[in-house]
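Using the sequences provided together with the hints, build the complete structure.
Protein sequence lines correspond, in order, to chains A and B. Start counting the first sequence at 1; every next residue gets the next number (our numbering). Start counting the second sequence at 1; every next residue gets the next number (our numbering).
FYI, nobody ran anything at the bench for these hints, they're computed from the structure. Hints are not guaranteed to be accurate.
[As the list claims (entries may be wrong)] Label pairs and their calculated CB-CB ranges: (1) Arg292/B x Asn142/A: 36 to 42 Å; (2) Asp10/A x Arg47/B: 45 to 51 Å; (3) Gly30/A x Thr498/B: 26 to 32 Å; (4) Ser72/A x Lys163/B: 28 to 34 Å; (5) Met135/A x Asp280/B: 40 to 46 Å; (6) Ser483/B x Thr73/A: 56 to 62 Å; (7) Leu235/B x Lys162/A: 34 to 40 Å; (8) Arg47/B x Thr73/A: 55 to 61 Å; (9) Ser525/B x Glu139/A: 50 to 56 Å.
In this text the structure is predicted, and so the values were computed from the model without any measurement. Using N, Cα and C, we set each Cβ at its ideal position, and we do this for glycine too.
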Amino acid sequence: MAKPIWIARDATACSGCRRCELACSMRHEGWMWPEASRVRVFMPFPGLEVPHLCAQCQDYPCVKSCPVQALSTDGNGAVLVDREKCTSCGACIRACPGTVPYLHPGDNKATICDLCGGDPECVKVCTEAGYNSLMLVNEGPNIHKKLYSRDPVEVARDLAIKFFGEKGEEVIE
Amino acid sequence: MTPGGYAGKWLDVDLTKESISDTVFPAETLEQYFGGRGMAAKILWDRVGKRWSRLDPLSPGNILIFATGPMTGIYPGARICVSGKSPTNNSVIGSTAATELPVELRGAGYDGVIFTGKADKPVYLQVTDYGAELKDAGHLWGLDGEKTLIKLNREVREDLRKKKPNLGLWKEPGSMYIGPAGENMVRHAAVMAKICHAAGYGGYGAVMGSKNLKAVVAKSRGVFPRVDAPETVKLLWRKAHHDLMAVTQFRRWGTGSFYYNCGASTSSEPIRNWQEEWHDEVSTGVNRYMDRYWVKTKWADFNCTTGCMKVSCIKAGRWKGDITDVPDYELQAYCGTNLGIFDTGENIHISTLMDKLGHSGINCPNTMGYAAELYQRGILTEGDIGFKLEWGDTEAFDRLAHMIAHREGIGDILAEGTYRAAYRIAEVKGLQPEELLKYAVHVKGIEVGAHGTRSDKDYTHDMCYSASVQGGDHTSTVTDGYSDMSGALFFDCAVYCTFTSRGPSQQLQFDFAKAVTGFPITLHSWRSVNGPRIITLQKAMLLMGGPDLTWVPVKDDVNPPRFYEPLPSGPHKGKITDKDRVEIRTQAYFQTLGWDERGVPKKETLVKLGLADLEPAMAKYRV
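Shown next as structure tokens:
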């Protein structure tokens with residue numbers, strides 16, 4: 001029985017190793033393909049690594065925005081993409097507050113984290129390595145999740161101040 | 001058909017003609033030389049050949065190579081190998097650094113980039129899925145490393161967003177670049193990445209500067225190269241990471257504990273230009289970095305769970321705003337004890353400065369320490385330098401580092417590296433070179449890494465530098481004969497990190513190589529054929545050297561004179577490097593590789609290794 005889960009994230013703890021990208025792509029694509037990973041780690045400046053993945057907003061603006069109803073949600077709360085229906089129009093990308101979805105480098109269809117059906121690979125490799133930037137929690141809808149759907153460069157700007165103090169204002173153009 | 005693990009093509013960039021084309025190497029060549037250092041040596045010999053001795057490393061005729069290997073990005077710890085004819089030792093160094101650049105290049109379909117010629121104005125190369133292009137770098141020239149990277153990240157991201165606005169967000173590119181030291185052709189300048197990572201040995205930053213090449217950037221959305229046995233690779237990948245995660249001390253401290261340890265415990269740390277190798281200063285403890293400066297204690301490069309990196313930042317005081325990594329041990333020692341600095345904050349400042357200026361953080365402070373000893377001995381004066389150069393004076397070394405990077409005043413001489421500077425200073429001062437060379441801690445033009453041999457308690461011993469084709473390079477030593485050199489050569493060719501080779505067994509790493517490529521490669525085949533072939537090729541180009549200097553067999557296959565001065569202090573006081581052992585083990589090493597007693601490859605060896613075309617050149621060096 002599917003139950004609501006969430007990938008809690010802590011960008012300050014991300015090592016930048018990108019094993020989440022490798023694990024995700026090995027599961028979804030069969031081989032290592034960081035740019036087809038549903039979680040992508042941005043690094044606008046070294047030391048400021050930001051895991052960027054679907055936050056499962058409680059109101060799902062991406063799902064609402066799809067003109068052909070290619071997006072739906074499952075029991076875990078994940079957004080599922082019907083790749084047959086998707087027309088690659090980019091509406092979901094624009095509707096997402098953090099611009100998280102992207103068009104797949106292979107089939108050019110909208111690509112979004114599906115929580116691996118309840119057992120996300122990214123979380124496994126991250127916690128196994130003791131980095132704990134991505135952690136699995138059993139939590140249902142919550143207004144705060146949407147706040148984590150955010151442009152990774154903007155997240156990095158905040159991290160920069162936290163890590164580097166005043167100097168942090170200079171490290172991202 | 002492209003063998004497993006290879007993207008398939010190399011980019012051939014002629015900077016003079018501004019032309020870019022693809023080159024494909026035969027599968028047989030890839031099987032023999034694998035990638036990285038091996039492929040670089042092969043390409044250099046094939047393209048330069050008999051002209052080697054006449055080729056000036058800082059002339060447009062030099063070839064600059066960025067090479068990945070078949071395991072890069074797939075095996076834990078991605079790196080890239082930078083090579084060419086080195087302006088430091090006039091041979092071939094495989095100089096590696098951790099960056100996402102190789103991952104992006106391979107995604108874009110390229111195993112490497114080969115540069116020739118010289119651009120008529122500053123440029124950078126941008127490689128994307130939409131092709132490779134040379135872009136104007138006039139606005140980046142003169143900027144320090146940190147500012148260069150900040151601008152590049154924004155510029156490339158925006159360029160791609162404009163090219164393909166509807167795909168979603170573009171990640172920043174992988175990149176390598178030079179700072180002012182490279183631009184001004186400081187002979188041992190580094191090729192930099194990620195603000196504090198460097199391909200340091202070899203001086204390829206100076207080669208980039210000589211070509212007006214400020215940076216190489218790549219961003220791709222492509223899949224990793226296919227491998228021969230994917231399910232086996234996936235299994236071995238998990239096992240390799242499992243083994244790496246068990247190396248707990250490294251994960252906790254990286255190499256950051258050695259500032260204290262290599263002084264207090266192994267007595268092998270360069271102190272004041274190697275006049276001493278022992279100290280017991282707890283002020284250099286790794287906990288001092290951790291408690292005061294580390295803002296991220298688990299920082300890793302691509303596909304790495306060793307995570308030896310930590311992010312340091314100075315947030316208060318005189319050097320506020322400095323950001324670097326641990327610093328790792330080599331820079332703790334060379335930007336610390338070697339300059340008489342025993343304070344973690346001051347050490348971070350000099351390390352950050354090396355990064356920003358694009359100096360090699362080992363080689364430049366070796367030369368600065370050399371200058372400071374000459375000052376201590378009254379050979380260089382305040383008048384020569386422009387200020388007092390006292391041990392431990394961070395501000396003075398800060399000034400000197402800038403002067404070297406910009407080749408101002410005495411900096412112009414020191415920018416030639418320790419060995420060449422010794423000759424230049426001797427000339428200026430009217431002294432015999434020997435009087436100055438006795439303080440120069442280098443092996444064949446490469447300043448020695450921060451692990452001494454006198455105490456015999458570190459991993460480095462007797463002939464580990466003197467017999468190496470990469471001279472003072474501490475990452476490619478012949479400490480236990482051919483065994484460790486073979487290992488270092490392997491990860492420089494497969495191109496992954498020395499620190500992700502520690503943990504997983506050698507068997508696993510070769511099983512991994514076989515599963516990736518499908519080549520019948522084994523530890524035995526590598527040790528007996530492939531490895532010796534590459535080392536012998538490097539040795540041949542080392543013997544040929546030129547044009548400004550050549551290394552004489554036997555005479556130059558030696559340790560620095562300082563390694564034979566008794567240690568003046570500490571628990572190993574009085575010890576020197578054992579000259580007899582150096583001699584005996586060097587002979588054994590040469591014999592293992594099929595070289596004669598003077599280290600010149602024998603004809604039968606060249607024939608056996610398929611290097612018979614080297615014979616005419618090598619015959620000249622035999623007695």
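Cross-check of the supplied hints:
1. Arg292/B x Asn142/A: 36 to 42 Å: Given range 36 to 42 Å: holds, Cβ gap about 37 Å.
2. Asp10/A x Arg47/B: 45 to 51 Å: Check passed, 50 Å falls within 45 to 51 Å.
3. Gly30/A x Thr498/B: 26 to 32 Å: Hint holds: Cβ distance 31 Å, inside 26 to 32 Å.
4. Ser72/A x Lys163/B: 28 to 34 Å: Since the Cβ atoms of Ser72/A and Lys163/B sit about 32 Å apart, the hinted range of 28 to 34 Å holds.
5. Met135/A x Asp280/B: 40 to 46 Å: holds (42 Å)
6. Ser483/B x Thr73/A: 56 to 62 Å: About 57 Å separates the Cβ atoms of Ser483/B and Thr73/A, which means 56 to 62 Å holds.
7. Leu235/B x Lys162/A: 34 to 40 Å: holds (39 Å)
8. Arg47/B x Thr73/A: 55 to 61 Å: holds (58 Å)
9. Ser525/B x Glu139/A: 50 to 56 Å: For Ser525/B and Glu139/A the Cβ distance comes to about 54 Å; the hint holds.
The structure is consistent with each of the numbered hints, conforming to all of them.
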